[in-house]
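Those protein sequences? They're chains Y and H, same order as listed. For the first sequence, numbering that gives the first Met the number 0 begins at 0 and goes up steadily by one. For the second sequence, numbering that gives the first Met the number 0 begins at 0 and goes up steadily by one.
Among the hints, a few may not be true.
Which chain H residues face chain Y? A few, computed with CB under 10 Å, are given here [claimed, not checked]:
hint: 1; residue: E21
hint: 2; residue: A22
hint: 3; residue: V50
hint: 4; residue: D56
hint: 5; residue: T64
hint: 6; residue: H73
hint: 7; residue: L81
hint: 8; residue: Y84
hint: 9; residue: Y95
hint: 10; residue: P96
hint: 11; residue: A98
hint: 12; residue: P101
hint: 13; residue: L108
hint: 14; residue: I125
Covered by chain H, per the in silico footprint, the following chain Y stretches (three or more residues, Cβ under 8 Å) [what the hints assert, rightly or not]:
hint: 15; segment: 306-319
hint: 16; segment: 322-333
hint: 17; segment: 341-354
Derived from the structure by calculation, the hints contain no laboratory data. None of the values given here were measured: they were computed from a predicted structure. No residue lacks a Cβ here, since even glycine has one placed at the ideal position from N, Cα and C.
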Amino acid sequence: MTDDPKMAWAITAEGSQFPGPLPCGLRCIPRGVDELATEHLVLNMGPQHPSTHGVLHILVELDGEEVIAAEASLGYLHRGIEKLAESRRYHQVPTLLDRADYVSGLHTETAWALAVEQLAGIEVPGKASWLRALLMELNRYASHLVWLGTFGMDAGAMAPFLYIMRDREMLLDVIEAITGSRMMFNYVRPGGVVADLPAGVDAKIRAWLEVADTYLSENDALLGGNEIFRMRMKGTGVIDRATALAFGMTGGCLRATGVDYDLRRDVPYCAYPELDFEVPLGVRGDNMDRYDVRVGEMRQCIRLIRQLVDGMPEGEFSGKRSRVLKVPAGESYAAVESPRGELGIHLISDGGLTPYRMRLRSPAYFNLAVVDEALAGGLIADAIVTLGSLDIVLGEIDR
Amino acid sequence: MPATKPAEVLRACGIPCETSTEALGDIVRLDAGRAADAAAALYESGYDFLVDLFATDTGERIEVTWHLRAFDEHVDLYLKALVDYDGAAPSVWHVYPAALYPEREAAELLGMTFPGHPNPKRLLTIDGAEPFLRKSVLVRSAEEVRISS
Chain Y
0 MTDDPKMAWA
10 ITAEGSQFPG
20 PLPCGLRCIP
30 RGVDELATEH
40 LVLNMGPQHP
50 STHGVLHILV
60 ELDGEEVIAA
70 EASLGYLHRG
80 IEKLAESRRY
90 HQVPTLLDRA
100 DYVSGLHTET
110 AWALAVEQLA
120 GIEVPGKASW
130 LRALLMELNR
140 YASHLVWLGT
150 FGMDAGAMAP
160 FLYIMRDREM
170 LLDVIEAITG
180 SRMMFNYVRP
190 GGVVADLPAG
200 VDAKIRAWLE
210 VADTYLSEND
220 ALLGGNEIFR
230 MRMKGTGVID
240 RATALAFGMT
250 GGCLRATGVD
260 YDLRRDVPYC
270 AYPELDFEVP
280 LGVRGDNMDR
290 YDVRVGEMRQ
300 CIRLIRQLVD
310 GMPEGEFSGK
320 RSRVLKVPAG
330 ESYAAVESPR
340 GELGIHLISD
350 GGLTPYRMRL
360 RSPAYFNLAV
370 VDEALAGGLI
380 ADAIVTLGSL
390 DIVLGEIDR
Chain H
0 MPATKPAEVL
10 RACGIPCETS
20 TEALGDIVRL
30 DAGRAADAAA
40 ALYESGYDFL
50 VDLFATDTGE
60 RIEVTWHLRA
70 FDEHVDLYLK
80 ALVDYDGAAP
90 SVWHVYPAAL
100 YPEREAAELL
110 GMTFPGHPNP
120 KRLLTIDGAE
130 PFLRKSVLVR
140 SAEEVRISS
């Protein structure tokens with residue numbers, strides 16, 4: 000055998016080298032095109048690519064249209080939030096955490112507040128718990144809307160995105176009225192929340208609730224009701240139960256495989272024990288299941304928000320807080336169910352004014368680790384959809 | 000709760016360990032060299048889910064934490080082991096593939112290694128970046144914050 004491609008003509012069907020020119024005068028052995036040597040192509044997707052949802056860089060090894068292997072190359076958005084938190088006081092850390100998962104900052108803030116409260120033994124008034132839950136559900140819905148819109152775009156559906164952004168705008172208006180900000184909230188603090196519901200916001204939420212169901216059904220009909228979309232999603236990007244658990248996947252991606260696991264119900268926090276909701280589950284763990292589970296979650300969100308608005312208790316929105324928060328030495332771990340899965344804060348304190356170590360257990364980080372398993376064997380067009388179905392946020396992955 | 004206690008599981012495998020129950024939960028402290036064996040044994044005993052893996056600079060050494068969970072029972076367990084700076088803790092990726100990313104991250108940010116990792120590249124930082132989660136690498140304002148109190 001020879002490695003020189005120019006000599007390839009002289010290789011016989013048996014694999015031994017033919018000495019000299021072919022006796023019949025032909026240039027090479029006529030073997031047809033099916034034995035044409037193909038080589039694998041390494042394709043760089045990202046870091047500037049609309050379907051990688053941020054600055055994600057994925058290396059895919061392709062054999063024609065088929066994905067042989069995939070590897071995520073991270074770090075384009077790494078800001079060292081865990082290190083920076085070590086130089087911030089306890090009440091300053093949420094400003095950093097908002098920038099970790101920038102699509103659903105309130106979940107990260109709440110996880111932080113729960114971890115600090117657990118370690119410092121701070122009591123939270125009932126109303127603060129309800130406000131946190133309300134804001135988290137509003138934020139979950141807004142986050143799922145971003146996912147729904149971009150997921151449609153990944154599959155080539157442009158129109159739903161525009162309608163979905165219109166709906167998200169209504170929701171962001173509500174969140175802005177409460178927290179004062181559209182994305183970087185800094186609203187949840189250890190001990191409670193920053194402000195009570197402002198006057199008139201109740202009517203605003205109810206106005207949104209009036210149309211939320213209709214709008215969601217419209218958007219779902221545009222995407223999930225589309226036969227072509229369904230055919231593309233069914234059976235692609237299958238992640239089975241064992242793989243999902245092995246890679247530490249949580250959230251909608253895990254529930255799509257049929258694992259009944261939701262921290263809001265299984266390890267309740269905030270106001271969730273008093274609320275009534277269901278946990279939508281999938282069966283096969285393919286893209287369609289992940290879509291259905293998240294859309295189902297959005298319907299539950301509307302149900303939860305209605306309960307939270309109706310049942311909002313009277314009382315203080317924040318406990319008594321000292322100006323400088325000191326947390327005794329020790330460790331704590333608190334987790335919330337973010338739109339992407341189990342978002343945990345592991346806090347280590349040495350009794351000082353700043354955390355000694357803050358570890359953010361980011362759900363999308365673990366969900367993304369499955370790309371090699373999920374993409375290999377599929378087609379490159381499916382790879383983009385599968386990546387979209389994982390609902391990744393790079394701010395949270397790179398931290 | 001898995002039927003067998005973690006300490007008994009590890010003792011049966013001949014892995015010396017110290018167990019304690021703290022505010023965080025059940026903690027098992029062991030020798031870093033036996034961490035992969037311990038993880039494999041605990042996986043068999045029901046701790047089938049790796050929630051997280053991270054490392055902390057204690058000021059003298061690096062403390063690696065494996066946050067395990069018995070998934071169906073929702074019981075958490077923390078394995079902790081100390082390694083020297085530039086030291087090593089065995090990779091547990093063959094037991095918990097979830098460890099693939101966090102091990103690479105801990106390696107580059109704390110300056111240590113996880114022998115046995117199939118792809119021990121940097122994950123978040125570029126070549127030459129210092130292991131900045133070490134306490135010896137200062138963020139300027141850290142001192143400012145502490146002094147101004």
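Taking the hints in turn, this is what the structure says about them:
Taken as an interface hint, E21(H) checks out: its beta carbon lies about 7 Å from the nearest beta carbon of chain Y, inside 10 Å. Checking A22(H) against chain Y: minimum C-beta separation of about 5 Å stays under 10 Å; hint holds. Annotation: V50(H) was flagged as interfacial toward chain Y, and the flag holds, the nearest CB pair being 6 Å apart, inside 10 Å. At a threshold of 10 Å, the smallest CB-CB gap from D56(H) to chain Y is about 8 Å, leaving the interface hint in force.
The closest approach between the C-beta of T64(H) and any C-beta of chain Y is roughly 8 Å, which is under the 10 Å cut-off, so the hint is satisfied. This hint holds: H73(H) has a C-beta 6 Å from the nearest C-beta of chain Y, less than the 10 Å allowed. For the restraint placing L81(H) at the interface with chain Y, the shortest Cβ-Cβ distance is roughly 14 Å, beyond the 10 Å limit, so the hint is violated. The restraint placing Y84(H) at the interface with chain Y is violated, with a minimum CB-CB distance near 16 Å, outside the 10 Å limit.
With its C-beta approaching chain Y no nearer than about 7 Å, Y95(H) sits inside the 10 Å limit, and its interface hint holds. For P96(H), the interface hint holds, since its Cβ comes within 10 Å of a Cβ in chain Y; the closest pair sits about 5 Å apart. For A98(H), the interface hint holds, since its Cβ comes within 10 Å of a Cβ in chain Y; the closest pair sits about 8 Å apart. The interface hint given for P101(H) holds, since its Cβ lies 8 Å from the closest Cβ of chain Y, which is under the 10 Å cut-off.
For L108(H), the interface hint holds, the least distance from its beta-carbon to any beta-carbon of chain Y being 8 Å, beneath 10 Å. Residue-level restraint check for I125(H) holds (minimum Cβ-Cβ distance to chain Y is 7 Å; threshold 10 Å). Counting residues of the segment 306-319 of chain Y whose CB lies closer than 8 Å to any CB of chain H gives 0, so the stated coverage by that chain is violated, three being the minimum. A stretch counts as covered by a chain when three or more of its residues have a beta carbon under 8 Å from one of that chain; for the segment 322-333 of chain Y and chain H the count is 5, and the coverage holds.
For the segment 341-354 of chain Y, the proposed coverage by chain H is satisfied: 7 residues have a C-beta within less than 8 Å of a C-beta in that chain, meeting the threshold of three.
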